[in-house]
Amino acid sequence: MSDIPRAMRQPFALKFGSAAFLAFWCLLAAFPIFWIAVMSFKSPVDAFAASPFDVIFGPATRAAGDGLSILDIVVGVVVLFYTVKLALGWLPRKVVEWAPGGQVWAGWIIGVIGYALGFVLFFFFVLPAVLGVLNPILGPLGNPVLGLTTIHYQSVWVDNQFYQNFLNSLLVTGGVVTVSLTVGTLAGYGLARSGSNIAFWLLIIALIFRALPHSVLVAGYLPVFINSAEILRPILGENAPTLYGQPLAVIAVLVSINQPFTIWMLRSFFQNIPNELDEAARVDGCTHFQAFRWVIMPVMWPGVITTGLFSFLLAYNDFLVTSLLLDATNQTMVPAIAGYFNRETTTTDQVEAVAAAVSITAPLFLLVMVFQRQIVSGLTAGAVKG
Amino acid sequence: MKFKTFIWFVGPSLFLMLLFIAAPLVSVFLDSFRITQPVVQTVETETCSAGFLQQTCTTTINTVPVIDEETGRVVTTTEWVGWLSYERVLEPRRAWDAIRSFDYNGLMQIDFWAALRFTVMFTLVTLPLVIGVGLAIALAVNNAAKSLRGPIIFVSLLPFIITPVIGSLSIYWLFVGDGILTRGLEAWLDRDIAMFAQAWTIELLMLFYRVWHVAPFAFVIFYAGLQTVNQDTLESAIIDGASRWDRLRYVIIPHLMPLIVFIALIHLMDSYRVFDEIVGFRAQAYVISLQWLTFDFLAADDAGNRAFSRASASAMLTMIGIVILLIPLLRRTWRDHKGGSH
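In order, the protein sequence lines correspond to chains A and B.
Oh and the first sequence: position 153 is 153 in my numbering, straight run, nothing missing.
Quick note, my numbering runs 1000 ahead of the 1-based positions in the second sequence.
One should not assume that every hint holds.
Cut-off 25 angstroms, straight-line C-alpha distance, at most; resulting in silico cross-link-like pairs (DMTMM-like, lysine to aspartate or glutamate) [unchecked claim]:
no.	chain 1	residue 1	chain 2	residue 2
1	B	Lys1002	A	Glu279
2	A	Lys15	B	Glu1069
3	B	Lys1146	A	Glu279
4	B	Lys1002	A	Glu97
5	B	Lys1146	B	Asp1232
6	B	Lys1146	B	Glu1235
7	A	Lys85	A	Glu97
Sample of chain A residues facing chain B (criterion: CB under 10 angstroms; computed from the structure) [unchecked claim]:
no.	residue
8	Ile33
9	Ile137
10	Tyr163
11	Ile208
12	Ala219
13	Ser228
14	Gly285
15	Thr287
16	Met300
17	Pro302
18	Asn317
Treat the hints as calculated values from the structure; they're not laboratory data.
The beta carbon of each residue, even a glycine, is placed where N, CA and C say it ideally should be.
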């Protein structure tokens, strides 16, 4: 403490006030999300109980025979702790060890998928079976204390076939991220390395496009997409497609809507890569494309990953475009949840809608956990330099 | 870089933006002046039923759409109608009557004006709140122990990253009829509370949601800005006897000013497009926004019809607001460009 100058030292009231404010903010930020997660695991009576403790401990759920004992909780927490620990230490070592040189990224994809599958298998199938045998033996330690049921998740994912919406979301977001990064990196590089007037005006126009409300654009697409078979028939002949309801058309639309933001962000990342790097490659006889492919691409990944995260968020979170341009058969997850509004008559329906909402949020939660640093750097890159 | 190479790099992106952003804008502009509707004809049908002495006959006149003999589709015509779609959206005569007789509720009966009022109010109220809350969190985190900062940033990012519709739903479920916070408030105030039965409580929740959702974004940017505050300037301010408040007012805030302008601009653009909250809070019966108005015209009604021309007109009217918002920004960028600082 003594190395802090006296004038910089803070009075107790200020320190306390700042800490209290921060604690309040964290509570405020996490509470709604935490609460819907708790609600989704309870029977409807508990989920909308008057007392918050009833919601957390779930007496009605417990009475119905669904609950966790102290043993379950302890074992579960230990398993989760080691899962995270192994994922951070053991998994990266093994991936680097086993993957052939130059294809580490493929090793990562296979490793992560295998690890996730193993975890799901162990945590949701092996563990409950083992604990089911152990609980009755242990007496008081084996009695359920925390009501918890996964029945709503079952009815959402299995009975209501939410997995189809999940697959559609996967298709749309995957497509948007891939295409928008491919197109955006090229444009961002071109814009960062060209000091011409045209580059400046392109960026300004992109800024104007970024401000446009999406409904304005959709008002332009919708009539054309619905009648596209007739409009395209003179060009494409009999098998001209109706673009309305096509995930590919939605991918193209979302990529374009996202393009202004993507090129601004990637441009600011490319400006941070020193110009001397590609000038050296050019002196050695590379063309611009060769310099881009062999010199810039190996060092551009941090920026590309960050921009990809934001493209992912835009496509994954979108409601307006997907709900208007896709029909009921290939709806993505976020608009599909609106379908629950119309059915939401009983409290069971409400808790099912909550479970669907939590299912949509869970991947985002993982995303922040893994990529927190990239998200923060992406947010500040646009502001501090642009 | 030569112009030709530049075009090769930028081409695909430019093509996409022209095809999917510029072209739709032109088509929306044109569509707002014309109406496509099915051709109808009136058909006179006489139905007779047996009666005593003579038949009872009734003649009914029905309007039915003309159907193309070959394709089996409804025949449509497109005609230029001038400002008709705009008049249907704006309802200028009714609005003017309401204004002349100082009938505020009358004006708010017209969807467009109600949407405009809410959108502008929403944008202007959330702006200072987002900047204020974001700055307060950034200062508090900067004041906290280093080991706590990572977890705090993680928790703070959650409201920002969550799907807007889901985020507003999560708050909706806290305040719905038998939600936990409604129950708490009812027990505390000892009266019945229905948060979603009148407009002003819904608006309050929407304002809260938006600040909750965007403040983390402002916080992260301000926090990054705080790391680059010049320590020498701060120290000389202390030597000169500046109090804590003076240092904040005269050193830190001027340093953060470009960031405040940046956040204000992004926030103005984004909150002018307010839409997901209306879906999440199911507010459409009480409160609507400009973007929701267009969405509503575009969505198929019970008969499967979509009001494209009115949607185009309301989209163009929404655009006017964006243009007004962007003019100061563009003028500034143009000045910077001319000044050669670029």
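Checked hints:
Among the hinted pairs, B:Lys1002 with A:Glu279 is consistent with the structure: their alpha-carbon atoms are about 14 angstroms apart, no more than 25 angstroms. Distance hint between A:Lys15 and B:Glu1069 is unfulfilled; the C-alpha atoms sit about 81 angstroms from each other, more than 25 angstroms. Pair hint B:Lys1146 plus A:Glu279 does not hold up; C-alpha atoms about 41 angstroms apart against a cutoff of 25 angstroms. Pair hint B:Lys1002 plus A:Glu97 does not hold up; C-alpha atoms about 44 angstroms apart against a cutoff of 25 angstroms.
Simply put, B:Lys1146 and B:Asp1232 have alpha-carbon atoms about 22 angstroms apart, close enough for the 25 angstroms limit, and the pair holds. Annotation: proposed proximity of B:Lys1146 to B:Glu1235 holds, straight-line Cα distance about 22 angstroms (limit 25 angstroms). Distance restraint check for A:Lys85 and A:Glu97: the Cα-Cα separation of roughly 18 angstroms lies within the 25 angstroms cut-off, and the hinted pair is therefore satisfied. Checking A:Ile33 against chain B: minimum C-beta separation of about 6 angstroms stays under 10 angstroms; hint holds.
Evaluation of the A:Ile137 hint against chain B yields a violated restraint, the C-beta minimum of about 37 angstroms exceeding 10 angstroms. Checking A:Tyr163 against chain B: minimum C-beta separation of about 18 angstroms lies over 10 angstroms; hint violated. Checking A:Ile208 against chain B by beta carbon gives a least distance of about 6 angstroms; that is within 10 angstroms, so the hint holds. At its closest, the beta carbon of A:Ala219 sits 4 angstroms from a beta carbon of chain B; the interface hint therefore holds under the 10 angstroms criterion.
A hinted interface residue such as A:Ser228 counts as satisfied when its beta carbon comes closer than 10 angstroms to some beta carbon of chain B; here the least separation is about 13 angstroms, so the hint is violated. For the restraint placing A:Gly285 at the interface with chain B, the shortest Cβ-Cβ distance is roughly 16 angstroms, beyond the 10 angstroms limit, so the hint is violated. Because the closest C-beta pair between A:Thr287 and chain B is about 8 angstroms apart, less than 10 angstroms, the hint holds. Contact between A:Met300 and chain B, as hinted, is not supported at the beta carbon level, the nearest pair being about 14 angstroms apart and thus beyond 10 angstroms.
At its closest, the beta carbon of A:Pro302 sits 16 angstroms from a beta carbon of chain B; the interface hint therefore is violated under the 10 angstroms criterion. A distance limit of 10 angstroms between C-beta atoms decides the matter here; for A:Asn317 the minimum to chain B is near 4 angstroms, and the interface restraint holds.
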